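Colleague: Here are the chains, one letter per residue:
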Amino acid sequence: MKVNILRRETRDKEPYWESFIYNGPEDNSVAGLLDYINYNDDIRNDKGEKTTRIDWECSCIQGICGACAMIVNDKPVLACEAFLRDIEGEEITLRPLSKFPVIHDLVVERPMHEILTDNNVFIGEYSPAENRDFQQDYNAAKCLKCGLCIEVCPKYTDGRMFYGAPFANDCYLVAARNEQKAGEIAEIYEKHFKSECAYDLACEKICPMGIKFTASMKKLNSIKRGDGDRSF
Amino acid sequence: MDALIIGSGIAGMACAVRLARHGIHVTLISPSLSEHSESVMAAGGINAMLTENDEGDSVESHVQDTLKGGSYIGGEEAVRGLCGHGEEIIRFLESIGTVFSVDGEGRPSRRAFGGQSHKRTYYCGASTGKQIVSALVMETRRFEAAGMITRRLKYSFHSGLIKDGICYGALLFNLERSRLEAFFSDFTVIATGGQNALFGKTTGSTMCDGYAAGRLFMQGADLKNLEFIQYHPTTLETPQKKMLISEAVRGEGGRLFYLENGERVYFMEDKYGEKGNLMTRDIVSREIYGCGKDVFLDISFLDGQTIDERLPEVRDLCMKYRGIDIKKEPIPVTPSVHFFMGGLAVHLNHETSILNLFAVGECASMYHGANRLGGNSLLSAMYSGFVAADEISGRYSHRKYPDFSTYMENERKILNKDYDSRSSFPVFYIRDLLSVTMNDDLGIVRDEKNLKKGRKKTDYYLSVADKLRYDRSVSQYTNYSLKAMLTLAGATLKAAEERRESRGAHYRSDYNETKDEYAYATLVSYINGDYSVRLDRENIYES
Ligand SMILES: Cc1cc2nc3c(=O)[nH]c(=O)nc-3n(C[C@H](O)[C@H](O)[C@H](O)COP(=O)(O)OP(=O)(O)OC[C@H]3O[C@@H](n4cnc5c(N)ncnc54)[C@H](O)[C@@H]3O)c2cc1C
Ligand code: SF4
Ligand code: FES
Numbered sequence: 012m013k014v015n016i017l018r019r020e021t022r023d024k025e026p027y028w029e030s031f032i033y034n035g036p037e038d039n040s041v042a043g044l045l046d047y048i049n050y051n052d053d054i055r056n057d058k059g060e061k062t063t064r065i066d067w068e069c070s071c072i073q074g075i076c077g078a079c080a081m082i083v084n085d086k087p088v089l090a091c092e093a094f095l096r097d098i099e100g101e102e103i104t105l106r107p108l109s110k111f112p113v114i115h116d117l118v119v120e121r122p123m124h125e126i127l128t129d130n131n132v133f134i135g136e137y138s139p140a141e142n143r144d145f146q147q148d149y150n151a152a153k154c155l156k157c158g159l160c161i162e163v164c165p166k167y168t169d170g171r172m173f174y175g176a177p178f179a180n181d182c183y184l185v186a187a188r189n190e191q192k193a194g195e196i197a198e199i200y201e202k203h204f205k206s207e208c209a210y211d212l213a214c215e216k217i218c219p220m221g222i223k224f225t226a227s228m229k230k231l232n233s234i235k236r237g238d239g240d241r242s243f
Numbered sequence: 010m011d012a013l014i015i016g017s018g019i020a021g022m023a024c025a026v027r028l029a030r031h032g033i034h035v036t037l038i039s040p041s042l043s044e045h046s047e048s049v050m051a052a053g054g055i056n057a058m059l060t061e062n063d064e065g066d067s068v069e070s071h072v073q074d075t076l077k078g079g080s081y082i083g084g085e086e087a088v089r090g091l092c093g094h095g096e097e098i099i100r101f102l103e104s105i106g107t108v109f110s111v112d113g114e115g116r117p118s119r120r121a122f123g124g125q126s127h128k129r130t131y132y133c134g135a136s137t138g139k140q141i142v143s144a145l146v147m148e149t150r151r152f153e154a155a156g157m158i159t160r161r162l163k164y165s166f167h168s169g170l171i172k173d174g175i176c177y178g179a180l181l182f183n184l185e186r187s188r189l190e191a192f193f194s195d196f197t198v199i200a201t202g203g204q205n206a207l208f209g210k211t212t213g214s215t216m217c218d219g220y221a222a223g224r225l226f227m228q229g230a231d232l233k234n235l236e237f238i239q240y241h242p243t244t245l246e247t248p249q250k251k252m253l254i255s256e257a258v259r260g261e262g263g264r265l266f267y268l269e270n271g272e273r274v275y276f277m278e279d280k281y282g283e284k285g286n287l288m289t290r291d292i293v294s295r296e297i298y299g300c301g302k303d304v305f306l307d308i309s310f311l312d313g314q315t316i317d318e319r320l321p322e323v324r325d326l327c328m329k330y331r332g333i334d335i336k337k338e339p340i341p342v343t344p345s346v347h348f349f350m351g352g353l354a355v356h357l358n359h360e361t362s363i364l365n366l367f368a369v370g371e372c373a374s375m376y377h378g379a380n381r382l383g384g385n386s387l388l389s390a391m392y393s394g395f396v397a398a399d400e401i402s403g404r405y406s407h408r409k410y411p412d413f414s415t416y417m418e419n420e421r422k423i424l425n426k427d428y429d430s431r432s433s434f435p436v437f438y439i440r441d442l443l444s445v446t447m448n449d450d451l452g453i454v455r456d457e458k459n460l461k462k463g464r465k466k467t468d469y470y471l472s473v474a475d476k477l478r479y480d481r482s483v484s485q486y487t488n489y490s491l492k493a494m495l496t497l498a499g500a501t502l503k504a505a506e507e508r509r510e511s512r513g514a515h516y517r518s519d520y521n522e523t524k525d526e527y528a529y530a531t532l533v534s535y536i537n538g539d540y541s542v543r544l545d546r547e548n549i550y551e552s
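Going line by line, the protein sequences match chains L and B.
First residue of the first sequence: 12, per our numbering; consecutive thereafter.
First residue of the second sequence: 10, per our numbering; consecutive thereafter.
Same shape as in the complex, but just chain L:
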């Protein structure tokens, strides 16, 4: 199988394509494929030239940490959960997520944590609303900050104004746990999410954790409208 990878040496260098030939197990995941190519005394590209090892991030290798998010054949996926058996055709193309700065090869810098910190999206003093929706809280707190939802979002560009689904998700978590802060959070959410959101919901479809943003958004919208539905 031919593997085409969009590589980059450092932030300030231009990206370039390099191809490899993969002859490893057919039941491997894309993460396994990367390990297979990297684990050789010398790593050579499809032209037989010596080259550098491919940099990518991983930790859990079972779809629960989000480190390995990348684009495989134009589809944003977790590489450890994407299997070669599901790939159509004889070629596979790997690219880093496109909405974030690339640090090296397939490794990107995700800005979600800074955005959330800069906007004070934290609980502070815990005073949850009565009738909490534990299931929705549980699901929302499963967010990996992997960025797959941002990759498919038609509105997210550089993270300066519109912050994307993980932002709305954490806004919900704060509003659910600190009634006093709910109003303030709903304002930030309105400014940096709701006012721009195209309700395309590609985010919800791609999320590997199956997080239901619509349910969180509904709650936050109701706070903003002040229609009294404050149950979480």
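Heads up, a few of these hints could be off.
Below, in silico cross-link-like pairs of lysine-lysine (BS3-like), each with a Cα-Cα straight-line distance of 25 Å or less [said to hold, decoys possible]:
1) B:LYS422 to B:LYS163
2) L:LYS110 to B:LYS163
3) L:LYS13 to B:LYS329
4) L:LYS86 to B:LYS329
Simulated from the structure, these hints should not be mistaken for laboratory data.
Predicted model, so just to flag it, every value in this text is computed and none were measured.
With chain L's structure known, arrange chain B with the ligands on it following the hints.
Modeller: Just chain B with the ligands now, kept in the frame of chain L:
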């Protein structure tokens, strides 16, 4: 006053937020986000004795279960501290928004876990670790916004800035700029998790490699109880890792068997009776290993609906990673390294043998003795972070740092020199050989011959480590971490060799009985390039 914390899993973050609450500024270091730490993988739960636990349960009972599970070398005072703070920790976790599963009255639910006399494992669905991490990340963010915690990503530990037995911070490797940078600090806390990478494929995270413990050992820190390594009996092997198959499968009636002449042999039931499949982790692991056959775990006889309701994660994992339908076919299982009871030796306040250097979480050896009870490690990750923070908050700042410029210059030169060496073996190659050696010679069942053989091999790898071809195309961290990992591996083999008895997770076929004379923790020091092993008969690390 300030503190430097290396590692941002549950232990590192627990320590950071507690220090920030004490008004102490923290720099929190990790190569990547907390979401990528091993802590997110913990599924089952966290043990605690709460006022609402069953009648008859008590802190004392949790203490006794923990001491017994650890074959009585876990340190009684330490264990009392741990179990005595269970309620405080669960309440704290609730108060920062951890979404515990709740009962009909909105109170956190409990489940039963192995080795415990009462039901005291609190849980968050099937992702307890992840839910705790999410809550701690948000609490950390609160103090980041207030300027009390500064997170620095893309940094890995290189070495301690240590002089005359005192730590003044750490030399860190900037992964993006590929350079060493000194971070001075009044107090340094190591929270880098277990040493999975010594064994290659395990149930845990690829981020945990034991490097920090190995390097600090070479710089004078004592290590403790390295020989105690917990195997999980039932994991599913994939090309890249061994995935934990929850004990819940056996809890629901799952049966272990192997095939002989086409017939199923239910070896656990044959040997231990009806409840054979539910024996403790170490016994099941040993039996699977001992039978020398491919072993399977069958749950297909349960009706599909029960499987969907009670074992959905196991069902999905087997289907996704191996295409196995557990409703129709048995699961091939193999034991795997899962948890490290050993690590940096720490006193009750979590300070190592080096002044102002602390260790918390799985990289520190405390509480679990010769074997850990499921659910106690999350509790100890939280508790140890708090203990270290409280100790630090009562100390004074020295604010006078010795001159480390020569040391730093030397270390920079060593890194660069390593690149000039010419050998046909890249570092990757030796790392792989190391994991084969550790699995073969320090496996579930050990003996003198193999342990010696293993050490001979690690000695050899160490002797060539300086001559290896350092690979410019991987992170320099991957290159420079090798030597300390090999040293840690050597120390582990030596500790296992010196413990001439069987206790907890350490099983010797040539000494298969527990002996009173070994009822102490093992300590290892690094003296003039050699390992010095002794038993802690004076209990110096229990004070
Ligand atoms: C599959 C699985 C299931 C588990 N289930 C349970 C359970 O149900 N209950 C329970 O109590 N325990 C469980 N455990 C054990 C528990 O998860 C761990 O013991 C605990 O999370 C360890 O936390 P920690 O903070 O010490 O380390 P980790 O979470 O491993 O964090 C280590 C941190 O250090 C960083 N780091 C590593 N090396 C370096 C370096 N060289 N330089 C800088 N930073 C570094 C990492 O990036 C990470 O941020 C389970 C473990 C596994 C693998
Ligand atoms: S919401 Fe889902 S897709 Fe988006 S970052 Fe979180 S886990 Fe990833
Ligand atoms: S490595 Fe954790 S999601 Fe892929």
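Colleague: None of the hints should be skipped; say for each whether it holds.
Modeller: Hint check:
no. : hint                 : in the structure
1   : B:LYS422 to B:LYS163 : 22 Å, holds
2   : L:LYS110 to B:LYS163 : 19 Å, holds
3   : L:LYS13 to B:LYS329  : 24 Å, holds
4   : L:LYS86 to B:LYS329  : 18 Å, holds
Consistency with the previously given hints is maintained throughout, with no hint failing.
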